[in-house]
Amino acid sequence: MKNAKRWLALGLATVMTASMLAGCGSKESGSDEGDKGGDGKGSVYYLNFKPEQDEQWQDLAKTYTEETGVDVTVVTAASGEYETTLMSEMGKSSAPTLFQVNGPVGLANWKDYCYDLADSDVYGELTSDSYALEEDGTVYGIGYVIESYGIIVNKTLLEKAGYTVEDIQSFDDLKKVAEDITSRSSELGFAAFTSAGMDGSSDWRYKTHLANLPIYFEYEDEGIASTDAIKGTYLDNYRAMWDLYINNSTCEPSELAAKTGDDSRNEFLAGEAVFFQNGSWEYANLTGDGQFTDDDLAMIPIYFGAGDEANQGLCTGTENYWCVNSQASKDDIQATLDFMNWCVTSETGTKCMAEDMGFVIPFKSAAESQNLFVKEDAEMTEAGKTPVSWNFTTMPSEEWKNGVGQALTAYAADETDANWDAVVSAFVDGWATEYELANQ
Amino acid sequence: MEKRKNIADKIWIVVLAIAALAYVYPIVMILMNSLKEETSISTGTAFKLPTADTFAGLANYVDAITSKGFLQSLGFSLFITITSVAAILLCCSMCAWYITRVQTVFTKGLYFMFVLSQVVPFQTVMFTLSQTADSLNLNTPWNIWVVYLGFGSGLAVFMFTGFMKSVPLEIEEAAMIDGCNPLQTYFKVVLPILKPTMVSVGILEAMWVWNDYLLPTLVLDIKKYKTIPMLIQYFRGSYGKVEMGPMMASIMLTVIPIIIVYLAGQKHIIKGVAAGAVKG
Amino acid sequence: MEKALKRYSPIFVLPTFAAFIIGFIIPFIEGLYLSFCQFTTVSNFKWIGISNYINALKDTSFTDSFKFTVAFAIVSILSINVLGFGLALLLTKGLKGTNIFRTVFFMPNLIGGIVLGYIWQILINCVLSIVGQPLLALNTKAGYWGLIILMCWQQIGYMMIIYIAGLQNVSEDLIEAAKIDGATLKQILWKIKIPMVMPSITICVFLTLTNSFKLFDQNLALTGGDPNHTTEMFALNIYQTFYARAGMQWKGLGQAKAVIFCILVVVISMIQLRATRSKEVQQ
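Chains as they are written, first to last, in the numbering used here: chain A, 2 to 441; chain B, 689 to 968; chain C, 41 to 323.
Misleading hints may appear alongside valid ones.
[As the list claims (entries may be wrong)] Below 30 Å or equal to it, Euclidean Cα-Cα: the simulated DSS-like pairs (lysine-lysine) are:
{"#": "1", "chain 1": "B", "residue 1": "K736", "chain 2": "C", "residue 2": "K46"}
{"#": "2", "chain 1": "C", "residue 1": "K231", "chain 2": "C", "residue 2": "K136"}
{"#": "3", "chain 1": "A", "residue 1": "K112", "chain 2": "A", "residue 2": "K232"}
{"#": "4", "chain 1": "A", "residue 1": "K112", "chain 2": "C", "residue 2": "K98"}
{"#": "5", "chain 1": "B", "residue 1": "K693", "chain 2": "C", "residue 2": "K219"}
{"#": "6", "chain 1": "C", "residue 1": "K133", "chain 2": "B", "residue 2": "K691"}
{"#": "7", "chain 1": "A", "residue 1": "K386", "chain 2": "A", "residue 2": "K63"}
{"#": "8", "chain 1": "C", "residue 1": "K86", "chain 2": "A", "residue 2": "K331"}
{"#": "9", "chain 1": "C", "residue 1": "K43", "chain 2": "B", "residue 2": "K883"}
{"#": "10", "chain 1": "B", "residue 1": "K959", "chain 2": "C", "residue 2": "K107"}
{"#": "11", "chain 1": "B", "residue 1": "K912", "chain 2": "A", "residue 2": "K63"}
{"#": "12", "chain 1": "B", "residue 1": "K876", "chain 2": "C", "residue 2": "K46"}
{"#": "13", "chain 1": "B", "residue 1": "K796", "chain 2": "C", "residue 2": "K43"}
[What the hints assert, rightly or not] Simulated coverage check for chain B against chain A, where a stretch passes if three residues somewhere in it have a Cβ under 8 Å from a Cβ of chain A:
{"#": "14", "region": "817-824"}
{"#": "15", "region": "898-911"}
Read the hints as simulated data drawn from the structure, not as lab findings.
The beta carbon of each residue, even a glycine, is placed where N, CA and C say it ideally should be.
All chains should be modelled from the sequences, with the hints used to inform the complete structure.
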């Protein structure tokens, strides 16, 4: 027994010494980093969401460090692992100083960690307040990249089928063209739409991006920006659109579940389909390696048979908001704000974001993007068309999206009214349940 | 009678050969596709051999090695595995010898805790362990072996004590009487006896550490360090684009060294595993 | 000798003990305590009693993952052990090429769970796509059988090695004597070989059982729990509760689930060890 006590004491003593040593260690390394960045300069740790742009961010960070001497570390989370990575990194002593949320719903989880950006320089650089994530006068996040999505058209193929982009001005036009192509598909050698790809690699095109439209029109009708219970007024249009996609695609509707996002893209690249619902981020994938030129492509709005179709623009918005970690040290916060500001105002920063990363950034000194789809969006807005805003950021949770995606796939396999009712139920009832769960 | 047995044997050999081919096939398939061009890898064509059109040579391998810091990760993985296994082998065998030879309440209690720790799933401690490791700064490849020693000691101590119990005391006592202190006795007498068990434990622990994903993901400072299993995750893009070519190449790059080590030392590995399992 | 050894205890025990405290005892005790708390970090917690446990048991995703895990464990334990034992029988017959076969069957065991998961995800998705079935991410059945095939592929070789070692210990004399007494091959298998290798069976069943219950890497890489959590096993469910759901309430819940998981694994291992040990032949 005596021995046991002695051992316990010894054990505790060891642990204490170890933790003390470690404590000193961490202090040392802390001041170390400070030294590297010059006194009181702080350092930046950016947890990036987009794996595609990892290399560019690393380079940009290096350039910034060379110019200013402030350390910038960029870590990119593996795809689908952003929330888990953020969660585990936030628990650590050196937590990210700059991170991302995807909108109001994502913000709810991280509000306590968001520094108020209302007085920051970078907030003043925004071209429109609507790109800020603001609640009750506090600016929690700033959208740093604007993206557009719609239906990407292979113009060459469309002309082969005897139409031009101008022929499509409404849902009915789109339906007529698509069904005509389907009826002649064996003769033409291509189909109207690419296959859907309902696995995790591209189901977001339907359960999130396409589902944005019924939500958008309902919000417009009600004059609201978010809701705890969706009514599903425009779900019939959603069904009509989904029917159009799956009945006029490269494969049978029941085979959709066996396709991936890569399959879908490869079909479009190989000229097997005219239409491909996707966004401006696909530009690099479609034009790389000399596959398509700007003359081959166009992006048209997703006509939905609702609202004022003649004046409908592309779906344009952001789900990438920058937030600054309020729990970080003062120096680090300042360093982070300076870095953000530099990214969106300096020539190097804006050029890198526009050309290398292919982003459109909503800041005053943004460099012009080379992205065709982005240019088209700007032209449409200039012509007086109203962009469809991104309301899927108000979807109650990932669970909700998965439920809708699941039901859509089941419906595609067997297009019955009963199966569509399941989609409606996942959409409407699922919204209420998930909203309640998320806001307990 | 003899003839019938021969035929039966032949049939069995054919069956086993088919099974063996099926066993190797998944790896062969990855190898095949890793040599194809990116756009030619899709779910429909994965079973086709690369043709002149789709053959990409080693381009995917070059991409895998250069773009995501593969070599660096390989270095970290190697270093972590070697230090952790070395620490586990040395420290745990010493501890196990002490536990078997000195019977007190403390050693019995400790032994019980070691056995318990073997069964406890990692998820039970994942959060608290990562926070403890973080507060003690055990988040670099240079010192993460402490965490591995702590969490992996259960199995090692258990296996060493299991073996030690069957070793007669006399030799050790004789050495002590000859004037050896315990440390000398350990290195001159106990360690040589333990060698076969060392090999088993070493192999089992090395397999665990080398392939471990969750512990390094949660504990390591991901700003600077990634191990191989962590790296494999990075070949997917945020909009669902999977870099299939480089991903398959990096899978092959991870698997090939394992196969080489295995083929070189398979006798020891298989024997070690068998001995370890039977003892445990 | 004990005395002399005791004086050296700091050298012999302390390193392991200190690491064990850091790597297991502190996290384990802290984990037990935190399962009764609401918390975001270890330094920021509030005692809330057993409500985490109540919520955990009410959480259908948790109970579903339990059912899935059990369904998986039963089939995988049976198939891995039966196939492993069968291979071991074949490979102790002195067939030609025994060594090559042994080498091949054992090999997948050395490959890590994440890598294995990706290899099989690619393979299974390709097969599903060709036969026009939904891909893994949308297909619970394929996910279930995929996990079982994957685990068989990985573990049969390992169990085979253990069974071979066990079978080699069965004395030839005993089998010869039985043959002279007119025992059939079937009788030899059931009456002699199996009882004699009971210790190996204990170990193998024990290993496969804990392996299936603790399965994580393979599950994460192969299906990730898709579609809609239906192929989520225990360990993955806990991980997802902990890290994929943001907010105060989830962490305590996840920790409580983890403790339940731990108790369950400990209890199962104990029952199982006792049950098979009692059937062993006294040697």
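- Query: Any hints this thing doesn't respect? Which numbers, in order?
  - Reply: 1, 7 and 10
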